[in-house]
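Engineer: Okay, here's what each chain looks like letter by letter:
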Amino acid sequence: MNPRKRRRLYFAAALVIAGAGGAALAVSALRDNVLYFYSPSDLAAKHVPPGVAFRVGGLVEKGSVIHAPHAEIRFIVTDGKAALPVSFRGVLPDLFREGQGVVASGALTSHGVFDASEVLAKHDERYMPPEVVDALKRSGRWKEGEKQ
Amino acid sequence: MTGEIGQLALALALALSVVMSVAGLTGARATGERARAVATSSALGMFVFVVLAYAALTYAFVTSDFSILDVAQNSHTTKPLIYKITGVWGNHEGSMLLWVLVLAVYSAIIAFARAGSARLTSAALGVQGLLACAFLLFILFTSNPFLRLDPPPFEGAGLNPLLQDPGLAMHPPMLYAGYVGLSAAFAYAAAALITGEADAAWARAARPFMLLAWIALTAGITLGSWWAYYVLGWGGFWFWDPVENAALMPWLVATALLHSALATERTGAFRSWTLLLAILGFSLSLIGTFLVRSGVLSSVHAFASDPTRGAFILMMLVVAIGGALALFAWRAPQLKSGTAFAPASKETALLLNNVLLSAAAAAVFLGTLYPLVLDALTGTKISVGPPYFAITFAPIFVVLMLLVPFGPRLGWRRGDLKSALRMLSPALGVALVLALIVFALVAPRSLAVIGAFAIAGWVIAASAIDVAKRGRGAPLSAYASALAHMGLGVTLMGITGTTAWRSEAIDVLAPGQSMPVAGYTLTLQGVENVQGPNYIAERAIIGVMRNGLAVATMMPEKRLYPAEGQEVSNTAIRTTGYSDLYLALGDQRGAGWTLRAYVSPLAPFIWFGGAFMALGGIAGLWGRLNARRSSALLQAVPAE
Chain A
1 MNPRKRRRLY
11 FAAALVIAGA
21 GGAALAVSAL
31 RDNVLYFYSP
41 SDLAAKHVPP
51 GVAFRVGGLV
61 EKGSVIHAPH
71 AEIRFIVTDG
81 KAALPVSFRG
91 VLPDLFREGQ
101 GVVASGALTS
111 HGVFDASEVL
121 AKHDERYMPP
131 EVVDALKRSG
141 RWKEGEKQ
Chain B
1 MTGEIGQLAL
11 ALALALSVVM
21 SVAGLTGARA
31 TGERARAVAT
41 SSALGMFVFV
51 VLAYAALTYA
61 FVTSDFSILD
71 VAQNSHTTKP
81 LIYKITGVWG
91 NHEGSMLLWV
101 LVLAVYSAII
111 AFARAGSARL
121 TSAALGVQGL
131 LACAFLLFIL
141 FTSNPFLRLD
151 PPPFEGAGLN
161 PLLQDPGLAM
171 HPPMLYAGYV
181 GLSAAFAYAA
191 AALITGEADA
201 AWARAARPFM
211 LLAWIALTAG
221 ITLGSWWAYY
231 VLGWGGFWFW
241 DPVENAALMP
251 WLVATALLHS
261 ALATERTGAF
271 RSWTLLLAIL
281 GFSLSLIGTF
291 LVRSGVLSSV
301 HAFASDPTRG
311 AFILMMLVVA
321 IGGALALFAW
331 RAPQLKSGTA
341 FAPASKETAL
351 LLNNVLLSAA
361 AAAVFLGTLY
371 PLVLDALTGT
381 KISVGPPYFA
391 ITFAPIFVVL
401 MLLVPFGPRL
411 GWRRGDLKSA
421 LRMLSPALGV
431 ALVLALIVFA
441 LVAPRSLAVI
451 GAFAIAGWVI
461 AASAIDVAKR
471 GRGAPLSAYA
481 SALAHMGLGV
491 TLMGITGTTA
501 WRSEAIDVLA
511 PGQSMPVAGY
521 TLTLQGVENV
531 QGPNYIAERA
541 IIGVMRNGLA
551 VATMMPEKRL
561 YPAEGQEVSN
571 TAIRTTGYSD
581 LYLALGDQRG
591 AGWTLRAYVS
601 PLAPFIWFGG
611 AFMALGGIAG
621 LWGRLNARRS
631 SALLQAVPAE
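As you go down the protein sequences, you meet chains A and B in turn.
For the first sequence, position 92 matches number 92 in this note's numbering, and the numbering has no gaps at all.
For the second sequence, position 458 matches number 458 in this note's numbering, and the numbering has no gaps at all.
With a straight-line Cα cutoff of 30 Å, these simulated DSS-like cross-link-like pairs (lysine-lysine) come out:
(1) A/LYS62 / A/LYS46
(2) A/LYS137 / A/LYS46
(3) B/LYS418 / B/LYS469
(4) B/LYS418 / A/LYS5
(5) A/LYS81 / A/LYS62
(6) A/LYS5 / B/LYS336
In short, the hints are calculated from the structure, not lab data.
From just these sequences and the hints, can you work out the full model?
Structural biologist: So this is what it looks like as structure tokens:
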């Protein structure tokens with residue numbers, strides 16, 4: 001084997017080992033760290049056990065936002081067909097408003113309240129998170145041209 | 001008038017880009033002398049017309065010409081002048097024009113620097129012409145910034161207030177200088193494949209462009225992360241958001257490319273691999289552009305968008321990446337291979353660097369694209385959280401950083417591992433001492449934190465040894481790698497410190513009430529209303545006490561931009577250089593206000609490290625340009 005071939009072999013071997021190791025790491029990490037997205041209707045249809053992390057999205061129901069002590073905020077996320085009570089402790093994004101799109105990540109408590117660890121609102125007036133648009137379309141609450 | 005001038009300039013630039021690609025590729029043949037001259041002048045012409053179009057759009061923004069749709073939708077008369085100028089790239093159309101402007105600048109630099117042979121330069125210009133042509137078509141047909149609005153409104157819709165910030169104003173141009181800078185590396189790689197000149201001289205010609213792109217990417221990512229930290233009000237600096245990943249992937253590949261091209265330039269090793277990396281680096285830039293501009297992502301960076309743009313960029317992506325890879329598959333086997341090297345050599349170190357960086361980029365790629373692919377195939381919506389990236393990314397970087405100090409200490413072709421270890425033994429000592437200090441002083445003890453500090457100490461001390469060994473009087477570029485590697489260690493310290501030791505407190509305070517956070521006592525003294533140039537703000541005045549002594553008064557704000565109808569919080573940060581006290585003001589609750597406070601030890605190190613890395617790159621580039629000038633003067637240029 002000439003040096004050039006040997007070097008190629010080393011290189012290929014290093015690449016294969018790194019690639020296989022990386023893939024193994026990545027796949028096992030992916031399996032444990034994927035967050036599913038559900039709309040309130042999805043949640044009504046299928047049972048998600050408490051403590052399993054996922055993301056939920058929809059509109060913040062008008063008149064549902066309650067400020068509880070210790071900076072806790074409670075509100076209801078709806079897609080028009082089903083609704084989910086959410087509790088969040090923290091500073092809400094600046095664009096959080098009643099009647100507008102929101103995506104929250106967290107898990108259900110044993111009382112069926114979604115305990116959110118993070119709340120994302122749309123970040124400009126014309127933009128709506130794609131997941132929320134999709135959830136609203138599926139529940140029949142989305143009309144093209146209403147995008148503003 | 002402005003709109004028509006801009007439109008016309010873009011059309012002429014498009015025509016010149018076609019000329020440039022045809023002439024440039026024709027000039028790649030040995031006999032194409034006349035074509036080469038045409039390619040050079042059309043690159044210059046295209047540059048002039050793109051600058052003209054860009055100036056026209058800037059003029060329209062500055063004069064608030066609302067007869068232009070783009071201005072009416074994204075500007076406002078009350079906006080400060082600086083944000084009228086930077087607002088040009090605060091929207092989709094303008095930012096694509098900025099993209100083409102940067103591309104035109106790089107084309108002009110390629111035309112005038114004449115790095116490498118005439119045929120190589122010409123072919124590179126040809127490839128740049130093709131890219132410019134594609135992007136100009138994209139702008140003219142899907143994202144025209146000069147569309148008219150009739151009748152013009154009296155007032156514009158304003159610019160997203162989050163973007164009205166000096167840090168973010170500079171972030172897109174920096175990032176684009178990096179993204180598009182990789183197009184120059186890509187063009188040179190394609191040119192090398194076309195002309196067959198993939199030798200050390202090729203690497204010498206292309207490497208300054210890689211360095212420039214890498215410096216800009218490093219600075220752009222650092223600025224963006226800093227902006228996210230102080231604007232978004234969550235105290236975080238990196239969210240593994242798909243758009244952040246879209247910038248990180250090209251950075252990882254560009255870093256690998258810099259190291260691999262170094263070997264190609266010095267010994268002719270890794271020729272094909274360097275070419276492949278140059279192609280992949282720019283491909284990832286294009287993918288990043290697709291992710292950000294097509295509206296497939298939900299992220300703080302996404303603009304409202306229409307699907308034709310996504311389809312257009314996707315097509316461009318397939319043609320550019322597919323074409324370049326096909327060219328690579330066809331021509332790369334014919335390239336000559338470099339000289340052999342021993343297992344303990346600089347080449348081996350650079351090889352490991354490349355394998356690890358590529359693996360890191362692949363891990364990020366998988367986590368970023370997997371949700372998109374799954375959604376497209378099955379309609380299942382998932383997101384991949386930060387833990388995935390931590391689990392895959394951290395081990396790769398641990399190994400990488402353990403190996404980093406060896407690279408600069410090993411010789412080309414055949415290095416001496418024992419003497420390298422001997423030279424690095426003081427760094428080992430520093431790492432152990434640092435680990436012991438962290439072990440003794442900080443509770444709760446965590447193996448990960450202790451290990452991270454040991455690794456950071458190892459890398460920083462090794463870089464210091466490197467500087468000391470070179471002594472004074474060495475050329476600036478000799479310190480480049482030491483500076484950049486040191487930055488890596490400093491950033492690791494910052495990330496570890498903030499992640500492991502951050503304290504957080506949140507409460508509702510009425511005036512006169514206090515809350516504690518990590519040894520500080522924060523007292524809300526009052527909230528006043530402030531009038532800004534285009535916003536009104538509630539400004540909280542917060543007394544900061546430590547050990548019973550008043551140390552500072554901090555004033556976080558909550559700003560309302562009436563033109564845009566948006567609220568933005570303006571955090572207050574008090575930094576000591578090694579620790580940040582960070583306050584964000586929330587909503588009013590009855591008689592009180594929500595206040596969120598963080599103490600983030602070592603947070604500033606994250607950005608200091610980024611600055612070190614960029615400075616290292618600048619030192620390398622500076623040394624390189626100086627060397628080229630003096631060697632041109634002396635006419636004394638043996639290749640090594």
